[in-house]
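*Asks:* Protein sequence lines, in the order shown, are assigned to chains A and B.
Residue 36 in the working numbering sits at position 36 of the first sequence; the count goes up by one each step and never skips.
Residue 1304 in the working numbering sits at position 304 of the second sequence; the count goes up by one each step and never skips.
In case anyone wonders, no lab produced these hints; they're calculated from the structure.
Only true hints are included.
Partial pick of chain B residues on the chain A-facing surface, computed with a CB cut under 7 Å:
{"#": "1", "residue": "Gly1159"}
{"#": "2", "residue": "Glu1167"}
{"#": "3", "residue": "Glu1236"}
No more than 25 Å apart at the CA atoms, straight line, and that leaves these computed lysine to aspartate or glutamate pairs for DMTMM-like:
{"#": "4", "chain 1": "A", "residue 1": "Lys63", "chain 2": "B", "residue 2": "Glu1146"}
{"#": "5", "chain 1": "A", "residue 1": "Lys63", "chain 2": "B", "residue 2": "Glu1156"}
{"#": "6", "chain 1": "B", "residue 1": "Lys1034", "chain 2": "B", "residue 2": "Asp1021"}
{"#": "7", "chain 1": "A", "residue 1": "Lys63", "chain 2": "B", "residue 2": "Glu1157"}
{"#": "8", "chain 1": "A", "residue 1": "Lys156", "chain 2": "B", "residue 2": "Glu1157"}
{"#": "9", "chain 1": "B", "residue 1": "Lys1198", "chain 2": "A", "residue 2": "Asp129"}
{"#": "10", "chain 1": "B", "residue 1": "Lys1034", "chain 2": "B", "residue 2": "Asp1186"}
Note that CB positions come from ideal geometry on N, CA and C, so glycine has one too.
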Amino acid sequence: MNREPENVPEPAPLLQVDGLTRMFGHVTGCRDVSFELHPGEILGVVGESGSGKTTLLRCLSGKLTPTAGAAVFDSRRHGPVNVFELSEQDRRRLQREEWGFVHQNPRDGLRMRVSGGANVAEPLMNLGDRHYGRMRQATVDWLSRVELDIGRVDDKPRNFSGGMQQRIQIARNLIHAPRLVFMDEPTGGLDVSVQARLLDLLRELVRDLDLSAIIVTHDMGVARLMADRLLVMKDGCVVETGLTDQVLDDAHHAYTQLLVSSVLQI
Amino acid sequence: MSTLADASNRETSLYNFAYLDEQTKRMIRRAILKAIAIPGYQVPFGSREMPVPYGWGTGGIQVTAAVIGPDDVFKCIDQGADDTTNAVSIRRFFARVADVRTTEATDEATIIQSRHRIPERPLENGQIMVFQVPQPEPLRGLEPRETETRAMHAYEEYGLQYVSLYENVSAYGRIAATAGYPVMIDERYLMSPSPIPKFDNPKMDMSPALLLFGAGREKRIYAVPPYTRVRSLDFEDYPFETQTWEDACALCGAKDSYLDEVVLDDDDHRMFVCSDSSHCATRRDAGFTGPMSGHELARGEDGDTA
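The whole structure should be built from the sequences, with the hints applied where relevant.
*Replies:* Written as structure tokens, this is what we have:
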């Protein structure tokens, strides 16, 4: 992977997470998670069901308040700020302006009652665009960018297949040029061929736009294709972290070894 | 005769003035004062059971009951008309429980309760319009969660409302929404003006009258104080427009009023008449005529041809 030359000083991290803990009563959601995410970097979070991946993602994206810890985001508007110390208004604005969130189930991330085009254009309206023609053009551009038939721009999401719905959701989350996109199992309920094409598309978009992303997945293939670095979680804790190829090819922790060896071969 | 009147008085005196008890009226007045202080903000209130079903104007009746006094002159319209069942019933209700004078003339009334219309005649200083509101939340159709819509109002996040306008333009090539057209109050709160036609939206802007909105089932009261800016939402390239008609009123010839289409028979005969019955009658009395003057629809309840 094409990284910065050695002598250039490392840019400030986009997101710096420190000791993030979320308890549900005395059940651990995630415990003492710390990492840094740099601009343009894609971080994969892998682990089995119930290992705290989604809880971590929900905390980081401001949907869930953590029990302890901090996540400092280098925002355009405020500079580096602890996301959890922002007022609700500022946090919502940050989510709107600088973040995207791709849900596993497109139904959670789309408004099913309004057309695909309006779904894609909504983030622009949320940011104050009041010119229909301009938004329409941006919508059509984005639909063709995610390889959807632009003739169907006014169809309702329910008339699209699962893979297409996911493409609409991706367009909706990228149209406002966010700096950080959270993805929760973005290729979850899709069949493998659709999944492969979607991953291809996602990888291309993320590289083109120089996005940073945090991708939660239990699919090692997705992690291998998409992520620069991996965080392996078990029982709410991070058990191993490192470059993706390093973690997958030379797993140190027993659980990671088990995880890697569980991948089915054809 | 006198015994009958006595009996009637005794019967009505069992009710408090204007039906509601004084504590309830106080509670509603507090909500109204708060609503006036924060124009366009939906104030929750303890809506009471009324002697009519939800959807027949319980919110409006409660607001009227809280603000009406013995000296008031009450007018009630439904879809612009004074003589429809609902309007007649509510007018009689207040004539009976508050013993106030009622009228059909817009300029005589001090309180006008309405569903679906604002009278054509410009409102005046000191008048109060009371609207019956079925759904006070303009964002509800797009966002079902009350917690979320409240946050959106609190933080002025009104981008979502434009999604419905966007849908309109992409489907019809223009903003086709006609009633309950969303407005910004004093550039702060997004408000649903109850299902009045967008034709009436401009009448709310800088109106000298106080506009009160009551939603009985949804338990919300909101208000637009006199001389407040009311802006209908639109896009830069699709500006706000009101409805227009090619026809004039068939009875009074008015070209600038809101017209209802009336189907006359099965042979495709129809007429357009003013939805504001009082406005139309006033014009006919003043000698204005339309292409179908003298039609039986022009006859009032007591059969006189105006």
